[in-house]
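Which chain is which? The protein sequence lines are A and B, in order. Residues in the first sequence are numbered consecutively from 1, following the numbering used here. Residues in the second sequence are numbered consecutively from 1, following the numbering used here.
It should be emphasised that the hints constitute simulated quantities derived from the structure, not laboratory data. Please note that the accuracy of each hint is not assured.
[Claimed, not checked] On the chain A side, residues computed to face chain B include the following (Cβ under 8 Å):
hint, residue
1, V152
2, D153
3, T156
4, L157
5, E159
6, A160
7, Q162
8, S163
9, L164
10, G165
11, A166
12, N167
13, T170
14, V175
15, P178
16, N179
[As the list claims (entries may be wrong)] Here are the simulated EDC-like cross-link-like pairs (lysine to aspartate or glutamate), alpha carbons at most 20 Å apart as the crow flies:
hint, chain 1, residue 1, chain 2, residue 2
17, B, K104, A, D174
18, B, K105, A, D174
19, B, K151, B, E27
20, B, K260, B, E271
21, B, K101, A, E93
22, B, K251, B, E314
23, B, K105, B, D76
24, B, K167, B, E195
25, B, K105, B, D94
26, B, K28, B, D202
27, A, K173, B, D94
28, B, K311, B, D256
29, B, K151, B, D165
30, B, K107, A, D174
31, B, K184, B, E119
[To be verified] Negatives, chain A to chain B, calculated, CB over 12 Å:
hint, residue
32, W11
33, V45
34, L72
35, E93
36, I121
Every value quoted in this text rests on a predicted model; they were computed, and no experiment measured them. The beta carbon of each residue, even a glycine, is placed where N, CA and C say it ideally should be.
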Amino acid sequence: MRRFPVWSWFWFLLGMLYFFIPLLSTFEFSLRMLKGRYTFEAYRVAFQDPRFYQSFGYSLLWAVITIIISLLLVVPTAYWVQIRLPRARPYVEFVTLMPFVVPAVVLTFGLVRLYGRPPLILTTTPAALIVGYVVLSLPYMYRSVDSGLRAVDIRTLTEAAQSLGANWGTILKDVIFPNLRVALLSGIFLTFAIVMGEFTFASLLSWPAFGPYIEEIGAMRAYTPQAVSLMSFLITWGSIMLIQWVGRGARGQQVQIGGAR
Amino acid sequence: MAFLDINHASKAFGEAKAVDDFDLHIEKGELVSFLGPSGCGKTTTLRMVAGFEVPSTGRIVLNGQDITDKAPSQRDVGMVFQAYALFPNMTVGDNVGFGLKIAKKPKEEIAERVREMLELIQMPDLGNRYPYQLSGGQQQRVALARALAIKPQVLLLDEPLSALDAKIRVELRYEIRRIQQQLKITTIYVTHDQEEALTLSDRVVVMSAGHIEQIGSPFDIYNYPKTAFVASFVGTLNQMRCRVVDAGSGKLALGDQQFKTSALVKAGATEALVMLRPEELHMGVREGDNSLNGKVESVAFLGSVVRVHLKLGEAVVTLDALNERKLVLPKVGENLTVSFPPHGCWVMG
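Chain A on its own, in the form it takes in the complex (with noise of 0.2 Å):
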């Protein structure tokens, strides 16, 4: 008969511990508004503010900018590099990894120095934004494309596709993309997560968006910033929840290039 695995249920439960207790707080507190009981008060406040829905809607919209921008860049290069240019991934990568090493603000600044004065002046648009966020979603979205084509054997793909008088276009749009969905819908809801909650670059550069909002709210009142932090938690935890799920829906069309089953 199986033991069975105490110190791993228990080193299991001390994790979920160490993650769920402060998030149970919050929202503990988050219910105190009104003294003595515990009310959803802080969360129809929240709602009722129009600057909620307005900052909202506005990182909603840079969000969708920047996954369509991030796609059209990402894809191509990840493409590229994969079927012609092997030798470039380790200098790709790295680049790709430079909002790990560079913080959030020093970006800020070179940003609004490069584009705070001619002769192409991006601050005064939200472009400068933008190309922040999509700097930011590179990591997460270079690799999730990057790791999609390394799953299947991209180059052997396009060769059968361009024997079949397949363009590039239609290599890209018949083949390459359909077989990434999980890859892609992966980095879209990675950026998506990023874009919702971040702050520096939109308060930087003075744009509205959720997290200054957030901020914003959280020096003036107690209970209510709590609770729209927990919704953009659970906005980061959501798209979090789609990745595996669609992940999990795709398993029944597995791609599978070479073997017998």
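Given chain A, work out where chain B should sit, using these hints.
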């Protein structure tokens, strides 16, 4: 001018020359195999025909048209890959019809051609399945149907059976030949499996280190190899260094045992390398044949063939005897007389 001319094609990757002065002319409807060990340049040559590699020198002419600089998508060439390369996101039917969709054929025509192709590969009811729902052999059949659906001028097969198990490999080998002959399509087949090349091909091109060693029919390649490499690479071969007793009459000696060969022996030579296929050797004495005595070193039962290794002088030779129920197997360590006809061996050097 042949249907497909590969005129003195070479391909170098940096300093390394993968293919060197490859010159081959293939007639319409012919199946030609490129046979050779890994790294001999056979796949690179195939990829030059497909357009995935550009020759460093030389030209490729298909049906009178120079295609050397054309993109793979413009060559009218169908290709089957070792790794199947079926599009995982498409059904079998969509895979087969992909090339026709690219060519903007009407939907009815595509559906009809897909049905025709699925019948050709004997999978008429599997059009709605996805590649992952098929076995390896079925996937490769679909890959073949997909390549043929566009009615290419030339079909290229790059080790298509390598990833399959032995039984399926043999089945599919005959299937490929049947389809090729039915459609009379000019085909190049790359393989490192000599049995595959000999079974399937009208002609075999044996390659080594980037160049052609010999071009010939399977019969000629096996029985009349022109170089030591071809002789040793294709089939099993006994090589015995012998003393020349009388070059004029073809009399040679292995240790103190003499025998005759009808092959030409270089006048004045003192030594000669004698080549002998294992199936030319027989157990026992045969009227008119050379007889030599040796000691049995091992006996291996291979099913239809019994393989005997025996020591003849200083050389260890292999003898293949066809298995039959009444065959008396020799014992390890015993002396055995073997015979072979004078025309059964040939001499090099």
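Results for each hint:
About 7 Å separates the beta-carbon of V152 of chain A from the nearest beta-carbon of chain B, less than 8 Å, and the hint is met. Taken as an interface hint, D153 of chain A checks out: its beta carbon lies about 6 Å from the nearest beta carbon of chain B, inside 8 Å. Look at T156 of chain A: its Cβ gets to within about 4 Å of chain B, closer than 8 Å, so that hint holds up. Below 8 Å, beta-carbon pairs count as interface contacts, and L157 of chain A has one with chain B at about 6 Å; its hint therefore holds.
For E159 of chain A, the interface hint holds, the least distance from its beta-carbon to any beta-carbon of chain B being 6 Å, beneath 8 Å. Because the beta carbon of A160 of chain A sits about 4 Å from the nearest beta carbon in chain B, less than 8 Å, this interface hint is met. At a threshold of 8 Å, the smallest CB-CB gap from Q162 of chain A to chain B is about 4 Å, leaving the interface hint in force. Taking 8 Å as the C-beta cut-off, the interface hint given for S163 of chain A holds, the closest approach to chain B being about 4 Å.
Because the beta carbon of L164 of chain A sits about 4 Å from the nearest beta carbon in chain B, less than 8 Å, this interface hint is met. The restraint placing G165 of chain A at the interface with chain B holds, with a minimum CB-CB distance near 4 Å, inside the 8 Å limit. With 8 Å as the threshold, the beta carbon of A166 of chain A comes within range of chain B, its nearest partner Cβ sitting at about 5 Å, so the hint holds. Here the hint on N167 of chain A is kept, as its CB sits about 6 Å from the closest CB of chain B, short of 8 Å.
At its closest, the beta carbon of T170 of chain A sits 6 Å from a beta carbon of chain B; the interface hint therefore holds under the 8 Å criterion. Taking 8 Å as the C-beta cut-off, the interface hint given for V175 of chain A holds, the closest approach to chain B being about 6 Å. For P178 of chain A, the shortest C-beta to C-beta distance to chain B is roughly 4 Å, which falls under 8 Å, so the interface hint holds. Hint status for N179 of chain A relative to chain B: holds, with the closest Cβ pair at about 5 Å, below 8 Å.
Pair hint K104 of chain B plus D174 of chain A holds up; C-alpha atoms about 14 Å apart against a cutoff of 20 Å. Proximity of K105 of chain B to D174 of chain A is assessed by CA-CA distance (about 17 Å); at most 20 Å being required, the pair is judged to hold. In summary, the hint linking K151 of chain B to E27 of chain B is supported, as the alpha carbons are separated by about 17 Å, within the 20 Å threshold. A distance of roughly 14 Å separates the Cα atoms of K260 of chain B and E271 of chain B; the hinted pair therefore holds under the 20 Å criterion.
Between the alpha carbons of K101 of chain B and E93 of chain A the distance comes to roughly 37 Å, so the proposed pair goes past 20 Å and is violated. With a C-alpha separation of about 18 Å, the suggested pair K251 of chain B and E314 of chain B falls inside the 20 Å cut-off, and the hint holds. Taking the CA atoms of K105 of chain B and D76 of chain B, the gap is near 15 Å; set against the 20 Å cutoff, the hint holds. Simply put, K167 of chain B and E195 of chain B have alpha-carbon atoms about 13 Å apart, close enough for the 20 Å limit, and the pair holds.
Taken as a hint, the K105 of chain B and D94 of chain B pair is honoured in the structure, with Cα atoms around 13 Å apart against an allowance of 20 Å. A threshold of 20 Å between alpha carbons decides the hint, and for K28 of chain B with D202 of chain B the separation of about 12 Å falls inside it, so the pair holds. Annotation: proposed proximity of K173 of chain A to D94 of chain B holds, straight-line Cα distance about 15 Å (limit 20 Å). Pair hint K311 of chain B plus D256 of chain B holds up; C-alpha atoms about 13 Å apart against a cutoff of 20 Å.
Proposed proximity of K151 of chain B and D165 of chain B is contradicted: the alpha carbons are some 29 Å apart, above 20 Å. Of the supplied pair hints, the one linking K107 of chain B and D174 of chain A holds, its CA atoms being roughly 17 Å apart against a limit of 20 Å. A distance of roughly 17 Å separates the Cα atoms of K184 of chain B and E119 of chain B; the hinted pair therefore holds under the 20 Å criterion. At the 12 Å boundary, the C-beta of W11 of chain A stays outside the reach of chain B, the nearest C-beta of that chain being 37 Å off.
With a minimum CB-CB distance of about 48 Å to chain B, V45 of chain A clears the 12 Å threshold, and the non-interface call stands. The Cβ of L72 of chain A lies farther than 12 Å from every Cβ of chain B, with a closest approach of about 21 Å, so its non-interface assignment holds. For E93 of chain A, the requirement that its beta carbon stay farther than 12 Å from each beta carbon of chain B is met, with the minimum near 25 Å. With a least beta-carbon separation of about 42 Å from chain B, I121 of chain A lies farther than 12 Å from that chain, consistent with its non-interface assignment.
Of the numbered hints given earlier, the model fails hints 21, 29; all others are met.
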